[in-house]
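Take these sequences, add in the hints, and give me the full structure.
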Amino acid sequence: MGENPISREEHEEFRRRLEAENKRVDARLKLLEGKVEQIGAITVSIERLATNMENMAKEQKEQGERLESLEGRDGAMWRTVSSYIATAIVGAVVAFILANIGIGV
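Numbering-wise (the UniProt record's numbering), the sequence shown opens with residue 1 and increments by one.
Be aware that one or more of the hints could be misleading.
[What the hints assert, rightly or not] Computed cross-link-like contacts, DMTMM-like style, restricted to lysine to aspartate or glutamate with a CA-CA straight-line distance of at most 25 angstroms:
(1) 23 / 9
(2) 23 / 13
(3) 35 / 47
(4) 61 / 47
(5) 23 / 12
(6) 58 / 68
(7) 23 / 10
(8) 58 / 71
(9) 61 / 71
(10) 23 / 33
(11) 58 / 47
(12) 61 / 74
(13) 35 / 21
(14) 30 / 19
(15) 23 / 3
[Said to hold, decoys possible] Label pairs and their computed distance ranges (CB to CB):
(16) 46 / 71: 33 to 41 angstroms
(17) 61 / 27: 46 to 54 angstroms
(18) 89 / 53: 39 to 47 angstroms
(19) 86 / 51: 46 to 54 angstroms
(20) 71 / 40: 45 to 53 angstroms
Worth flagging that the hints you see were computed from the coordinates, not collected in a lab. Every residue gets a Cβ at the ideal spot worked out from N, C-alpha and C, and that includes glycine.
Here it is as structure tokens:
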């Protein structure tokens, strides 16, 4: 190194500039830490949202299956009732015809 010592004033100016730079870096670091915390909170919220959506999808699927079951049961009940009505009508017609031709029932 050369023998060119700096003056006290130059040293103080250098120190002030370093302190100012440190303050700027500290402020930027605090802002960055705040942003990282916000990102962490958003990540947790997104995870909860995804879990809730999965649960809602499962519940919707289960409700769809229950609805299909209920609709199928109503359809089966209607077919059964229709079958009984048709059987009763056919039986009544056959009984009427048999009664008219003289075969007693």
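Outcome of the hint check:
| no. | hint | result |
| --- | --- | --- |
| 1 | 23 / 9 | 21 angstroms, holds |
| 2 | 23 / 13 | 15 angstroms, holds |
| 3 | 35 / 47 | 18 angstroms, holds |
| 4 | 61 / 47 | 21 angstroms, holds |
| 5 | 23 / 12 | 16 angstroms, holds |
| 6 | 58 / 68 | 15 angstroms, holds |
| 7 | 23 / 10 | 20 angstroms, holds |
| 8 | 58 / 71 | 20 angstroms, holds |
| 9 | 61 / 71 | 15 angstroms, holds |
| 10 | 23 / 33 | 15 angstroms, holds |
| 11 | 58 / 47 | 17 angstroms, holds |
| 12 | 61 / 74 | 20 angstroms, holds |
| 13 | 35 / 21 | 21 angstroms, holds |
| 14 | 30 / 19 | 16 angstroms, holds |
| 15 | 23 / 3 | 32 angstroms, violated |
| 16 | 46 / 71: 33 to 41 angstroms | 37 angstroms, holds |
| 17 | 61 / 27: 46 to 54 angstroms | 51 angstroms, holds |
| 18 | 89 / 53: 39 to 47 angstroms | 53 angstroms, violated |
| 19 | 86 / 51: 46 to 54 angstroms | 52 angstroms, holds |
| 20 | 71 / 40: 45 to 53 angstroms | 47 angstroms, holds |
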